[in-house]
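K.L.:
Letter by letter, the chains look like this.
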Amino acid sequence: MKLQEKPVTVNNAAAVPPRLEVTALSKTYGSGPSAKCVIEDLTFTIGTGEVVCIVGPSGVGKTTLLKCLAGLQPATSGTAAIDGRTIAGPPAEMALVFQDYSRSLMPWLTVRKNVRLPLRHLRLPEAELNQRINTALEAVGLAHAANQYPWQLSGGMQQRVAIARALAYRPEILIMDEPFASVDAQTRFELEDLCLKIREDFGMTILVVTHDIDEAVYLSDRVVVLGAKPARVLDVVDIDLPAPRDQISTRALPEFAEQRTMVLSMIRKPA
Amino acid sequence: MNRKLTNWALGVGTPFLLVAAWWMFSENSTNTFFPPLGMILERFQALWLFEHFESDVMLSLRNLVVGYALATVIGVGLGFVTALMPVARWALDPLIHFLRGIPPVALVPIFISLIGFGIEMRLVSITLAAMFPTLIATVDGIRSVDSTLKDVSSVYRLTRAEKLAQVYLPAAGPQIASGMQVSLQVAFVVMIASEMLGSSQGIGAMTLLAQQSFMTSDMWAGILLLGVIGFGANLVFEVIKNKVLAWYVGSKRLARS
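Line by line, the protein sequences give chains E and H.
UniProt numbering applies: residue 1 is where the first sequence begins, and numbers increase by one.
UniProt numbering applies: residue 1 is where the second sequence begins, and numbers increase by one.
Hints were generated in silico from the structure; no laboratory data involved.
Computed from a predicted structure; not experimentally measured.
Hints may be right or wrong, so weigh each one.
Said to hold, decoys possible - To spell it out: a stretch of chain E is covered by chain H in this simulated footprint if at least three of its residues, at any positions, have a beta carbon under 8 Å from a beta carbon of chain H; those stretches are: (1) 113-124; (2) 191-201.
Said to hold, decoys possible - List of simulated lysine-lysine pairs, BS3-like, C-alpha gap at most 27 Å: (3) E/K113 x H/K243; (4) H/K252 x E/K113; (5) H/K4 x E/K113.
Ideal Cβ positions, reconstructed from N, Cα and C, are used throughout, including at glycine.
Next up, chain E with everything else stripped away, as it sits in the complex (with noise of 0.2 Å):
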């Protein structure tokens, strides 16, 4: 097989409305001398309703990308930008599930109540609200755990209460850093897939950060491939795989092992 030769930060989105736009982001920390420049001048969007996920070498600066995009951190220079409109703070519109589950779920708060926290000040109707925390906890099948504490559970299962968390909050667009990078080889699959049925269920926007290359092909309608320090876009990759995916039978397609051959080759390729 042969790489395609693009141009950087070429992106192939033109199918789809933009939903979420990066633009010559880059993010600086400290200045003068000693002033590290983690993210260099990305450049990628993303439609609606996609899943796309980030890949690159550990230590790029994936978690900066995503704090710029969730408006935890001002971006140095570039924008990062939902339906247009500049990202300064926390968009409303936009959930985030963090890496470390142990640490982004509430130790005090039962499993209902850490996915009931976010949705107080929303206002709802007390009916809205429990069919809300009923539905997400469903969808990632913890509704027999609703009255136990996170630290009661596995990781794996915390992870979906953060999940459910986010799901309760009907955000349109879902961010996941490296969600699943701490839980078993069995979980991370089922983890998998119901990040894909989340899309088909609530029409997501979904963006993924990983460092797993087959994880990001099996997942994405696209892949954006960061490389080296500073991260730049080296690459957009359209991922044809047919839907609905299927953890064994769509990882044994040649195509699937193409994909990631591609993906991984540019990720080894020197800078």
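Got chain E; can you put chain H on it based on the hints?
P.N.:
Just chain H now, with coordinates in the frame of chain E:
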């Protein structure tokens, strides 16, 4: 289960044995400073149940409870302000650390000269001295709230009030509770000291008066009562703490096993 029972028996049995030994060895004591335990208990009953109960015991306890409650509210409140407002932090941090360096009892004479010998002086002394451990623990607790939890609160756009009450306060809860426990001890010490230094009422005053008039049994009875109150106060505190911080106790127990 059996082991638990043994430990419990040890915990109850040891003090019981010691009291029994005290009783036996002091029974025929003629030493003025170490009267027989029987006599002490007699005086205990005569003094505290119920002759001076209303006038002195309740008075001391009321000062303790009110002073401690004020200290907790002010300590936690100031702790939040100090931890969350950069200006307050820079302005107050050194001051707090200077003031807490002063032994709490040493503050009592200042308040006697400023406010006099009344109940107000005792309350102010208890409140001020007991405030610092809670204040410092609150500041530390809030500053060490996990950055991920702060990010979560921001991403889900929690209101400021929600962040304070639903995230910062519970997250700092275990540390605040530790501070409050120290504050309770300080409040207790200062309660007695404030009575001993400038009062004719209260358990501390009664005990000191007994000592000065060579009524040794009365003095011992006072000390016994103070021990019982201190023990009881701490017990009540532990029970409430374990209830409020059940999630913390539970998660720690699970992490150990």
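K.L.:
Three residues or more, CB to CB closer than 8 Å: is that satisfied between the segment 113-124 of chain E and chain H?
P.N.:
As far as the segment 113-124 of chain E goes, the hint holds, because 4 residues have Cβ atoms under 8 Å from chain H.
K.L.:
For the pair supplied as a hint, E/K113 and H/K243, is the alpha-carbon distance within the 27 Å limit?
P.N.:
Holds, at about 18 Å.
K.L.:
Take a quick look at whether H/K4 and E/K113 sit within 27 Å of each other, Cα to Cα.
P.N.:
35 Å, violated
K.L.:
How does the segment 191-201 of chain E fare against chain H when you require at least three residues with a CB closer than 8 Å, holds or violated?
P.N.:
violated (count 0)
K.L.:
Taken at face value, is the distance from the CA of E/K113 to the CA of H/K252 at most 27 Å?
P.N.:
Holds: H/K252 and E/K113 sit about 20 Å apart, inside 27 Å.
Of the hints listed earlier, those the structure fails to meet are numbers 2 and 5, in rising order.
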